[in-house]
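Student: Chains A and B, in that order, are what the protein sequence lines are.
Note that the first sequence covers residues 6 to 430 in the working numbering.
Note that the second sequence covers residues -18 to 167 in the working numbering.
Among the hints, a few may not be true.
Straight-line distance between alpha carbons at most 30 Å, and here's what the computed DSS-like set of lysine-lysine pairs gives [claimed, not checked]: (1) B:K152 x A:K103; (2) B:K159 x B:K144; (3) B:K98 x A:K140; (4) B:K125 x A:K95; (5) B:K52 x B:K125.
Taking beta-carbon pairs under 7 Å as the criterion, some of the chain B residues facing chain A (in silico) [to be verified]: (6) I11; (7) L136; (8) K138; (9) N142; (10) F143; (11) Y146; (12) N151; (13) K159.
Here are some of the chain A residues that sit facing chain B, going by a computed Cβ distance under 10 Å [said to hold, decoys possible]: (14) T160; (15) D255; (16) P264; (17) G268.
Just so you know, these hints were derived from the structure itself, not from any lab.
For each residue, glycine too, the CB sits at the ideal point set by N, CA and C.
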Amino acid sequence: MLNKFLLLLLVTSINSTWGATSLLQCAPEELFSSSAANECEPLGVGKSRRIRGYSASSGISVKDHYMQRTETDKYQVFLNINFILGDTGKTSPADMMKKVKGCLEIATPNLRGPDGSTLQINALTPDEAEALPKKLDPVDIKIEGGMRANAEMYTDELNCGEITHEILHLLGLCDEYKEPSIVAGNTYACRVVPEVSTIMKNPRIVYARASARELTCKCDENCQNILSLSEDNLKNIYLAPNIYDAVDVDFRTKFCKPPQMSGGLVDAKSLTNPDRAMSLLSSDETSFVVENRELSPVSKKVYLSSMSCSCPADNVACMKQRKVILAAIASPDSVRTTCPSYTGVENYSAKVEKDGYRLENGSLILSKKGTGESFLYPNHWARIVAGSCSILVSSYNECATPAYKSLDCQDFKQCTDEYFLGTQK
Amino acid sequence: MRTFFTLAILIFFIPLKAESVTFIKLRSGIEGSSKVEFQLDEKKSTLEKTSNLFDTKKNYNLGKFSVPVQKTEGPIKSLNSLILKLSQTKSEAAIKPHEAFFILEGMKVGQDSPMYKTLGKVFAELQALPWVLEEGVSFSSDLKTKSVVKDAKVLAKENFNFKFYCKDQNKPTYCLDKDYGILYVE
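With these hints in hand, go ahead and build the complete structure from the sequences.
Tutor: Written as structure tokens, this is what we have:
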């Protein structure tokens, strides 16, 4: 009903900018050749603007969309998305659309600009888009099985963070993760990678961290036994983030050695910070050793192992990541973001008052309140709202330009997080 | 007339039977780059695979493979004629983030290109050949052991620490080998 109302609102308020030719893309060097003057004017309240789809040789093609400013602090975007079931896909287009709409609806409060303005992204089916006064070119997105998601091909397993990330690609944001490839060739070596976590760098982590979420995990016999123990420390160790949560698979397989048994089985009481599942044993300028604590459900003791990691001193990305990991080890959350065993089912529409866990119908439910932080850094926001105007958000354009370049990288030393993304409040 | 001359010049400069053809399928994602690279010539046909992403059958081998050259004669011919066609294309197609694409003799072909499907057929034809792992890693189907292969022989066999090397404990997930690439497990 709300969607229909919003659609009606849009239909009745589309203004005269329909015919404007807009160029917008992710890697924005082509932007500089575009921009009629009116495209750089701020969108007035009650006005709409069409951003026409554009394909750039060096990066993502931004898709045709409308942007509407419904109130001073409220923006909406409308995309026409045509899901097509691929050969290996299992999720029907209708179900995928439902999932995408659900994720975007939950994301809206977290799609905020620096002044608190919000962006509501509306994914319309081609039928729904028919109600628009003029044609909005559809984005064809195939649904496939497996793990082959991209901005125009979704997989059955895609989570809300990844869906939001892919949708933001359609609006012109670039990837910000370090290409973790070992292969030569097109590895986007020139990409500027921020130090901070962003929706375009760590979509799953950022979405899960910011949003209130319940994660329903299978709780087998071991899990049931552990959670029925009277000792809180043991339960906490079972539920707290461990080294596999803190040190992502890319980092650990490149820069760490598999954990080795260190202290064997010990009583939780003998540990420092006995409610934690990991503890920093040592660190220096480039390396660190972290203790992992796993609960033995039989002996009810804690199995200690240690993992050592080391960054080559000249590997800036590794050193940056090391800093983030050390911070996560030093002050871990009380509840992990992944299931202790097995894959869980995420529910972002649950109301969560505080972090915690509960057992329900034989399942373990991990609840996290979420930080409520915006998914968008100020320059992400500005880039999206600027639409096809190239002269705005020049620092983002400058730093995002090399996102899909691999050779002849220029020096982008000026692209600190603050310069590239702006400062998150 | 102009097209005729362009074509004539191209035919003159591009040998109809290339001495060597490099044909790559690539996809970049958060988990890493998946690359399948064929190096095909009259003396040697090799395949380097840094991921099993493009495999159509379950296969847990990564590394460098070889196949008798006679088997690749047909695909080489097809690729040579496609090189000629591609050389006449004025500009490279745009490649979207995380999109799989081909690189044939340095020329990129994205999924929006009309040539993508044709290249896909040759790719599938090449993939279906009986490639032998010469150097790399081979994982057991239950992912409990990992074998290191050199000169087409198993050099060492070791237990595979799934928890450490793989992203999630449950499937579908992916596992990383710092020397040979990404293993998708479904």
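Student: Any of the earlier hints contradicted here, and which numbers?
Tutor: Hints 5, 7, 8, 10 and 17 are the ones this structure does not satisfy, whereas the remaining hints hold.
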